[in-house]
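Chemist: Read off the chains here:
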Amino acid sequence: MAEIDKPQSEVEVPGDWTYASAPESRDIVHIRDRYGYYVGGEWLEPTETYDTIAPRDEEPLAAVGQATTEDVGRAVAAARTAYADGWSSLPGSERAKYLFRIARLLQERSREFAVLESLNGGKPIKESRDVDLPLAAAHFFYYAGWADKLEYAFPNRRPRPVGVAGQIIPWNFPLLMLAWKVAPALACGNTVVLKPAETTPLTALLFCDILRQAELPAGVVNIVTGDGRTGAALVESEDVDKIAFTGSTEVGKEIQRRLAGTGKRLTLELGGKAANIVFDDAALDQAVEGIVNGIYFNQGHVCCAGSRLFVQESIYEPLVAKLERRLATLRVGDPLDKNSDVGAINSAAQLEKIRELVASGVEEGAEIYQPPCVLPEKGYWFVPTVFTNVAQSYRIAQEEIFGPVLSVLTFRTPEEAVEKANNTPYGLSAGVWTEKGSRILWMAQRLRAGVVWANTYNRFDPSSPFGGYKESGFGREGGRHGLEPYLEFEE
Amino acid sequence: MSRLPVKKTYKLFIGGAFPRSESGRTYDAEGQNVARASRKDVRDAVRAARAAQPGWAAATAYNRGQVLYRIAEMIEARAAEFAELCSGRDEVERSIDRIVWYAGWADKLPQVLGGSNPVAGPYFNFTVPEPTGVVAVLAPEEPPLLGLVTRLLPPLVGGNAVVAVASEARPLAAIELAEALATSDVPGGVVNLLTGSATELGPVLASHMDVNAIDLCGADGDAPELERLAADNVKRVVRGRADVQSPWEIASFLELKTVWHPMGQ
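As given, the protein sequences belong to chains A and B, one line each in that order. When we follow the working numbering, the leftmost residue of the first sequence carries the number 258, and every step to the right adds one. When we follow the working numbering, the leftmost residue of the second sequence carries the number 6, and every step to the right adds one.
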């Protein structure tokens with residue numbers, strides 16, 4: 258009997274659609290036992306170290322240096338020497354070629370970096386592989402092209418480099434944030450001292466190997482590791498001309514205070530509490546995907562995460578039902594598993610902060626939904642969470658949680674949506690979902706945020722300026738505008 | 006017998022009206038009794054500015070340009086009076102020309118400062134400049150008219166509302182300007198002018214949680230402390246010069262907003 262004639266009932270239908278694990282091999286990465294600081298093209302031996310771990314199982318990965326004020330001073334001195342000894346006067350076309358080399362090397366070694374990023378930071382491999390690495394390489398590629406075109410970017414302004422840039426980056430996109438900082442700085446002829454986040458130093462340290470391969474002159478990029486004390490030493494270093502910081506609003510304010518009166522340049526990319534607004538005419542299934550991407554991408558460790566969902570009242574029930582159903586299909590687990598949608602929380606401290614805020618939400622009277630989910634026993638994990646029945650005054654609607662926790666609120670009119678969305682000291686990003694074009698532009702004009710995603714969310718591109726309004730910081734990264742913080746102008 | 010002149014009472018300019026300082030205080034400047042604004046006057050001025058700002062920003066760029074150009078017309082018509090309150094005719098003419106120059110920028114900024122971004126993917130993406138909101142200006146001591154105009158126009162062109170503290174020693178030009186503004190087309194509250202002690206009012210403005218940016222042009226030695234206070238709400242801090250004319254001066258009171266939308270069928 259031909260196969261096609263078989264009655265359907267005889268075909269075996271699998272009853273269980275769970276995914277088999279598909280772990281990415283970590284053999285591709287060689288992690289050293291101990292890392293020093295990359296200063297002047299050499300590895301400096303640290304006097305004090307701490308262990309950096311894998312948040313998925315708390316496995317210690319390497320000992321890394323806790324840089325002291327003296328270590329930071331050496332790095333700044335190396336950067337100053339490299340600046341004066343040729344980097345700042347190198348023709349832009351030559352600087353460009355170094356950046357192109359770095360971009361290409363990152364592309365070639367992207368799997369290695371992606372595995373290390375997921376291992377050290379906890380984000381799912383499919384994100385580090387498909388988002389972080391391609392974007393990091395693209396950033397170097399994009400700014401490479403600007404290095405010899407600065408006079409066209411700023412006609413009649415005679416741009417010149419600022420000098421030595423101190424750059425402090427967060428743990429949520431360790432390599433990507435490095436790229437956002439280093440690429441424009443070098444393209445503009447500055448030299449750099451970069452401090453990666455305390456919990457995620459490894460891709461920055463591996464990046465030093467790319468710098469070596471690219472034959473970048475010694476001292477043009479220097480990397481010092483450590484906690485907030487190292488960052489403070491960099492901020493207060495007298496020979497740094499510019500500070501670029503990405504991190505919390507609290508620390509950003511402290512940096513702004515410390516730099517008061519010094520004349521040093523400053524850009525800040527700080528926290529957010531973005532509104533993601535869904536109107537009743539939106540394509541609901543697409544909106545649900547956008548909401549999920551908005552808040553559960555990278556475990557919600559995203560400054561522009563759509564953490565406040567505003568739903569028009571008439572579609573509140575069907576939307577929340579769809580969202581909860583979708584939540585139950587998210588696969589939370591091993592960051593190195595290619596099937597994982599949500600990985601590990603970056604650190605014990607962050608997990609504690611998320612737990613504390615979630616407890617406050619329950620305490621204040623919000624209704625919590627968490628899908629059934631088996632979490633690994635070791636490591637730092639948090640179930641994707643939705644809060645409904647949230648009042649604007651609740652802490653979960655006011656404070657940045659920086660975790661996979663969504664607060665759902667409602668509105669009736671576009672005016673009300675705008676008023677509620679803007680009712681926050683932050684202003685980094687916002688989302689709008691509607692099929693009505695004129696309403697998109699009306700909303701986009703009124704939302705006080707640096708990035709507005711309409712019928713999409715969490716999109717990034719090197720050519721697209723990114724940065725905040727209000728207490729989300731000042732200055733832009735990406736695009737032509739991203740060059741400005743690294744240039745002085747003679748007018 | 007010669008006629009006894011009627012003496013003018015110099016007041017503050019807040020929300021389009023001319024109140025006395027709520028404190029009742031005055032001080033002597035240029036031989037006149039001038040209102041000495043207080044912390045509460047700053048509060049009122051910031052409130053007026055906040056209330057007026059959205060409407061000013063929502064006006065078409067063409068309209069904003071016209072309204073600003075009208076200020077130049079108003080000053081030109083009273084040029085002789087202004088000349089007596091500053092260094093002279095030349096300063097007045099330079100102030101007028103500066104206003105005309107900035108007025109013309111209102112409908113050109115987005116094309117120079119923004120644009121569309123060639124993102125990799127099926128999205129249309131564009132960046133537009135927007136006003137930062139309420140801007141505090143500490144005007145320079147000198148020149149009293151040109152310095153104030155130089156610092157006022159950049160935030161105004163971009164759609165911000167301003168609370169400015171006039172030159173402490175030479176406030177009369179600022180008050181004359183307020184009178185010109187009051188009879189121009191500038192909506193009440195878009196420009197608020199305070200007279201008094203910059204040392205006293207500076208910290209109030211720098212630490213005010215509803216001020217988005219501060220121009221420290223006239224701050225002098227107080228600048229480091231004011232910069233420190235400005236961090237309370239991550240204010241944009243501008244250290245403006247008293248005599249400068251550039252579109253980048255406008256840009257320092259603007260935010261950049263980037264909008265994404267997918268392209269598809």
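None of these hints come from the bench; they were simulated from the model. Among the hints, erroneous ones may be present.
What the hints assert, rightly or not - Capping the alpha-carbon separation at 27 angstroms, the derived lysine-lysine pairs in DSSO-like fashion look like this:
#1 693/A with 677/A
#2 635/A with 595/A
#3 579/A with 406/A
#4 510/A with 45/B
#5 510/A with 610/A
#6 113/B with 406/A
Said to hold, decoys possible - If you anchor each label on the Cβ, the simulated ranges turn out as follows:
#7 702/A with 202/B: 36 to 44 angstroms
#8 63/B with 357/A: 38 to 46 angstroms
#9 277/A with 125/B: 31 to 39 angstroms
#10 269/B with 277/A: 27 to 35 angstroms
#11 693/A with 45/B: 39 to 47 angstroms
#12 673/A with 121/B: 28 to 36 angstroms
To be verified - Computed footprint of chain B on chain A, listed as stretches where at least three residues anywhere in the stretch have a Cβ under 8 angstroms from a Cβ of chain B:
#13 643 to 650
#14 703 to 711
Don't be surprised by glycine CBs; every beta carbon is placed ideally from N, CA and C.
Chemist: Would you mind marking each hint as holding or not holding in the structure?
Modeler: Each hint tested on the structure:
1. This hinted pair checks out: residue 693/A and residue 677/A have alpha carbons roughly 20 angstroms apart, not beyond 27 angstroms.
2. Only pairs whose Cα atoms come within 27 angstroms are accepted, and residue 635/A paired with residue 595/A is accepted, the gap being roughly 19 angstroms.
3. For a cut-off of 27 angstroms, the pair hint linking residue 579/A to residue 406/A is broken: about 49 angstroms separates their Cα positions.
4. Distance check on the hinted pair: residue 510/A and residue 45/B sit about 26 angstroms apart at the alpha-carbon level, within 27 angstroms; holds.
5. Distance check on the hinted pair: residue 510/A and residue 610/A sit about 20 angstroms apart at the alpha-carbon level, within 27 angstroms; holds.
6. Between residue 113/B and residue 406/A the CA atoms are separated by roughly 23 angstroms; this keeps the pair inside 27 angstroms, and the hint holds.
7. A hinted range of 36 to 44 angstroms holds for the C-beta pair residue 702/A and residue 202/B, which are about 39 angstroms apart.
8. For residue 63/B and residue 357/A, the Cβ-Cβ distance of about 45 angstroms falls inside the hinted range of 38 to 46 angstroms, so the restraint holds.
9. Distance hint for residue 277/A and residue 125/B: a CB-CB separation of about 33 angstroms, consistent with the stated range 31 to 39 angstroms.
10. Between residue 269/B and residue 277/A, the C-beta spacing of about 34 angstroms keeps the proposed range 27 to 35 angstroms intact.
11. For the pair residue 693/A and residue 45/B, the beta carbons lie near 45 angstroms from each other, so the given range of 39 to 47 angstroms is met.
12. The hinted range of 28 to 36 angstroms is satisfied by residue 673/A and residue 121/B, whose Cβ atoms lie roughly 31 angstroms apart.
13. Counting residues of the region 643 to 650 of chain A whose CB falls under 8 angstroms from any CB of chain B gives 0; the rule of at least 3 is not met.
14. With 6 residues bearing a CB less than 8 angstroms from a CB of chain B, the region 703 to 711 of chain A meets the requirement of three and the coverage assertion stands.
Comparing the model with each earlier hint shows violations of hints 3 and 13; every other hint is respected.
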